[in-house]
Structures are given as C-alpha cells and as structure tokens.
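*Asks:* Below, each chain spelled out in residue letters.
Number of protein chains: 2
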Amino acid sequence: MTFMRSILNPLIRPEDVLPSSSQMEVIGVFNPGVAQYRGETVLLVRVAERPKQLDATQIAVPVFDPVDRNIGVQSFVKADPENDSSDVRVLRTRHRDYLTSISHFRLARVLADGSISVDARPAMMPNTAYETYGIEDPRITEIDGTYYITYSAVSDRGIVTVLARTVDFIEFLRLGIIFHPDNKDVALFPGTIDGRFYALHRPSTSTYGSPEIWLAESPDLLHWGNHQRLMGVRPGQWDSHRIGAGAVPFLTADGWLEIYHGADENNRYCLGAVLLDRDAPWQVIARTTEPLLLPAAPYEAQGFYPNVVFSCGAICVDDQVTVFYGAGDSTVASAQISLVDVLNALDASPAISA
Amino acid sequence: MTFMRSILNPLIRPEDVLPSSSQMEVIGVFNPGVAQYRGETVLLVRVAERPKQLDATQIAVPVFDPVDRNIGVQSFVKADPENDSSDVRVLRTRHRDYLTSISHFRLARVLADGSISVDARPAMMPNTAYETYGIEDPRITEIDGTYYITYSAVSDRGIVTVLARTVDFIEFLRLGIIFHPDNKDVALFPGTIDGRFYALHRPSTSTYGSPEIWLAESPDLLHWGNHQRLMGVRPGQWDSHRIGAGAVPFLTADGWLEIYHGADENNRYCLGAVLLDRDAPWQVIARTTEPLLLPAAPYEAQGFYPNVVFSCGAICVDDQVTVFYGAGDSTVASAQISLVDVLNALDASPAISA
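Protein chains in written order, with the working numbering: chain A, 1 to 354; chain B, 355 to 708.
If you're looking for bench data, these hints aren't it; they were derived computationally from the structure. A couple of the hints might just be wrong.
[As the list claims (entries may be wrong)] Residues of chain B clear of chain A, computed beta-carbon distances all greater than 10 Å:
1. Asp422
2. Ile513
3. Ile547
[What the hints assert, rightly or not] Which chain B residues face chain A? A few, computed with CB under 7 Å, are given here:
4. Pro420
5. Asn424
6. Ala651
[To be verified] Over 12 Å on every C-beta distance to chain A, these chain B residues come out as not near it, computed from the model:
7. Ser469
8. Asp473
9. Tyr487
10. Gly499
11. Val516
12. Ile532
13. Ser560
14. Leu575
15. His577
16. Gly579
17. Arg583
18. Gly590
19. Asp608
20. Asp618
Each residue gets a CB set at the ideal place from its N, CA and C atoms; glycine is no exception.
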C-alpha cells in the first residue's frame, strides 16, 4: 500500500495566496511545516514570490536589503546579452547573480472539511544578511509546548539552517544559525532521548560524498555535535542521487518513523520511510525499498520544478499518517496512509537499510 | 615588515621522516600543529604517504579499511584506459576513485639549535570510516593543561572536523565530529570568553558563497552553534578566492591575533593577519592589506602542490611571533616576525576589514 492522495488536492495553489506586497506575485506555495496547535492542524507554508513583470522587455528580480529589511525590485533589460536568464530560477548579470524569486512563510489552517485557510499576511519574512535569497522549507517540532522551527536561510553566504521558536504562531523568535553552509532538511526529534536532543540534517559537500542524511545531538537545541552519517543514497534506486529528512520524525511502538525524500539522477523526488531505533536513533532498523509516494498526479508531474513530492511535515492520529507536501514546487497537497501499511512496507535486511 | 624565514628551512623534508610501514614512502611532511609542552615546542606534523611504486607498469594506491584499521595497497594497470591518473592526487578507475596518498600525524620536537627531531612512529593514524582518505592539518589548542586537536577527516562521506585531546602527546582520544561536511581549517580559541568557547571554521558550500572564515560558539567544545560569517574573501587581492584560519589565535594587548591563509584564483596560498575584539571575537578590528608571507623561497614555490605557505600553528614568546608552516605541501618551515610589526601591518579601515 502506498499513500492515498486527498481528493481536495492541490490544497493550496498560488492563486489562493495574497502576495506580501502589491508589487509582488505568488508563483509557488509549497513544502509546509505542520503542527497541532490548540486542537487545529496548522501549516507554515513556503510562499515563493517574484516581482510583477510589468514590462515585457525587462526582467524584474527581487532584491532583499538586510539593513532596511525590505524587498525591493530591480529590473534588467532582457535583450542585453550580458543578462542571462536561461535558468528560470536565476538571472546572471555582469556584476552578480539574482534569484528570480524569494520565499517567505505564511500560516495556514486545516479546516473541518479538509480545505485550507491561508493567512493574508506573512508569518515570517527574510530578515537577516543570511536570508537575502529567502527562507525555505520550514519544519515544526513541538517540545514541551514550544514550537521549534528549523528552516533553510539562503544568501550569497550559502545555505544555513536557522532555529526559531514560537508559542502562539504569531511571534517568531530566531535563536541562531545551528548548522553552517551548506545544510538543509533539518528535522528535530520531538524531545530528548537519554537527555539529549537529536536532529536529522543534510549537509552538501563540495568534494566527496553525496547529499545524505546525517544525525547530530545537542544538549540545548542551540549547539550541535557528534555528527554522524545516518543513511546513504542507493545507487540504481529511486533515492540514488540525494536524500534528506522530510517530515519531523514521530515515535511508534516500533521506533522513530521518518518520512524522507529521495531523488534520482533525473531529479524525480519521491517519499519513502525509515525506522530508527527508539533509544539509539543512529541505528537504522528498516527502510522502504519502493517509494511510498511518487510524483504522478498532474499537479506533481508539472509545476515550477516538475516531478517533485517533498514533505516537511506529517501528523499521525489514530494510526493514520497524513503527510503534507509540496507538489512540483508549486502547490500544497496531502496524502494518507495507515501506520501499519508504512511499517509493512519497511525492509529490515541490512543491504536495504545502509 | 614581513616574516623572516628561518635559515634552517626547510626544517623537515620527506626524506627526514620514516614511513609508517615498509610498503609506504613519505611524499610530504607539512602543515604542523604547534604547542608548548613541558618547556618544549612540539609539532604534530601531517605526513603524506603513498605505496612504494614497485612496478613501473602499475599504479599502487593506498586503501584504508575502517574495519581492520589497516592501510593496504591496491595496484592498477597504468596502460588501462579506464584508469585515469591525469590528476596526480587522484586515480579514477571504472568502479571508484582512489586518492594516491594518505596522511597521518607524527610528533616532532624543536631542538635547542632550532632543528627538528621527528618521531619514528606515527602519533595518530586514520582510524574510522570518516578517515578512509586520511587525516589532515592538525591544530592544537591548550586549555587548562589539556591539548585539544582539531583536524580534517577525509573520506567518501566528505570532509569533517574531528576534535581529539591529549595530555601527554602519547595517547590521543577522539571526542567526535564537531563540524559536518564540508568543513576544515578549524582553530579553537585557547579558553572561554564570557563562559563560551569559540572556534574559527571554514565551511565550503556547493551552492552560493566562497570558502570563508566563520565563527561558532560552544558551551563544552563538543557541541557548536550560533554560526556566523566572520570575514570574507577580497576580490582582486591576494586572498580573493578562499580564506581559512591558519594558526590558533592568541591574545595580545590589542585583541585576538589570527594568522590566516588566503589563496587567489591561481591557488597561490599566502599568510596574512586579522585582529579580533578581545571580548567580542565576532568583531573584526583590523586586517592586513598585504600578505605577511608569500611563497617565494624555492621550497615554497615548488613541491607537491607549488606556491603554498599554509600554517596550522604559531607561538608568541617575548613579543616574537614564530609561525610554523607547510611549504608546497611538501616540507615544514618556520618564519619569525615581531608582534609590533604584525600590529603595524594591520589596517583598521572598514573596507579592509570586511
């Protein structure tokens, strides 16, 4: 059994979200973090915007100023051969590169009928010199009534992971950069194990090695060490090229269950699962051989970045796992699977789990 | 004034060092960490070895096995077009790449006449799955009588920084991986500042940004956080392409003095200096405009990797700074400068110090 998609998918489309200012337009809403807050399921959604393209002869790009904390717009002549926009995500000019879009976070709530209500205003905007290219892919972990958010901060300094916290989803406090460049896909375990906090993280190397899932430990959530590689890519399989944490792990009777993402050489992003030892989360017990969700629906196979299902959060209620995910870097969707089906899909043979 | 080279340079050459086993030969001895131990100046030297090339038709490469902790030798037919040895550092075969050499650490002592005595046996050998390509560039920081060593561990998992400690330079205890891939050039400050430990580190990104010097803080030396970029490369100058910590920083009346390395687009590695605030080491007070040492002597301009001076340690005694450094990735050398000359060479204008 694999995930069953919600019949309401896609749950949020770009046109469902108001831009953060009149000069911007929303081009993607995806990769939401998920939490249970006061009886509601809330999402912290990544919203990607670009300046409205008002002049067909120009390319308008967002320029975040970390001093006045404002997103301005700069325009470049399309016909100028020094302005290279062959990659839709990047504008390369003579002096520097610009990203064509910039992301922030927006709060949304799952309503009783399964549809989503999205706030009109941003919850978190880029705010520092480490966030000039935007903030991306929030994951929410509740620990003792506080909601900790890890997200990727992107700038010309690289991609770092920031830790923030909130108790009310109104005020968000940044606590610092917890992983240096390049690191993303960080998911905190919900509580301590034998007195220590743990995090899944995903360093990218510029030398040897593939982007894979690592584990780190911490006494206080702020300082991290004892890094170790947890699990690797699997050549020839759906997760052959890169893997990273997806949802925040949650505890089952059999151990910690993690819904992770994997991509192959064609950058097709799927979701799978891995089971980690309850007391020793650096030990992989079992891992799915086949994807539990692969991009097949039109909103997954198409989009700004096609063929992607990418999750930052799941909830498990009454042994039903509901995963929320970004589809094609454009929309938010959800899918459901019973916990027993996930556990049955896991393969504990050592060759599978390495 | 710039550094004055020792007339004894190079202090250690490959032929001065016994190989770690009869099947290996030493091809480089460089980048030593430095400490004052029981009235002596001791060096922990990086020794690069390769298997003796006994058959001219073959290439013999070292293969470290992390299970039996042994460096074996594997040979490949040179004439086989599937074996690519066009890069002297790497052998690319059909199945995987091999590094042509592997490094370990050797203890050495500075004698009264300034010459060096090198131990016959290794002090630290590669020992884990994170060290299969070798251990490199140790830096030693004394804190309350314990000597902490940070070094780069290189493997097919990337380049990580390991923390180890010793009290006698006989037994060395690994304490864990403190920085995930890719990170090197880590130098611990000698003691706490307002209750916190600090480290200079050098992440490498696979996306945006250059290899630059960052600062992190820790409550216990094992767990690190609050990462921030300390200082950047300077386009058009000698440190335009990449920079990293060099020697372990030491306290002067004016603040923390750090001898760092910078390389330009031609991979010429030079040494410069930066002064950091005594109480707020994340504040750059001043930085040298010109190199204090640039590769010019024959043993610096030549070697396994030419045009390199690269330091992992310096000592400051009676206001004389002695830097020990690797020259051309082949030999160990030293040079001296008065503290006042370093301080006079620093430029405090904001444009210089960014």
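*Asks:* Does each hint hold? Answer for all of them.
*Replies:* Now the hints, each set against the structure:
1. Asp422: Non-interface label on aspartate 422/B holds, nearest chain A Cβ at 19 Å vs cutoff 10 Å.
2. Ile513: violated (6 Å)
3. Ile547: holds (15 Å)
4. Pro420: violated (12 Å)
5. Asn424: violated (21 Å)
6. Ala651: violated (29 Å)
7. Ser469: About 36 Å separates serine 469/B from the closest Cβ of chain A, which puts it past 12 Å; holds.
8. Asp473: holds (30 Å)
9. Tyr487: violated (7 Å)
10. Gly499: Holds, because the least Cβ-Cβ distance between glycine 499/B and chain A comes to about 22 Å, which exceeds 12 Å.
11. Val516: violated (10 Å)
12. Ile532: Violated: least Cβ distance 5 Å, not greater than 12 Å.
13. Ser560: violated (4 Å)
14. Leu575: violated (9 Å)
15. His577: violated (4 Å)
16. Gly579: violated (4 Å)
17. Arg583: Answer for arginine 583/B: violated, closest chain A Cβ roughly 5 Å.
18. Gly590: holds (14 Å)
19. Asp608: holds (27 Å)
20. Asp618: holds (19 Å)
Hint compliance for this structure: hints 2, 4, 5, 6, 9, 11, 12, 13, 14, 15, 16 and 17 are broken, all remaining hints hold.
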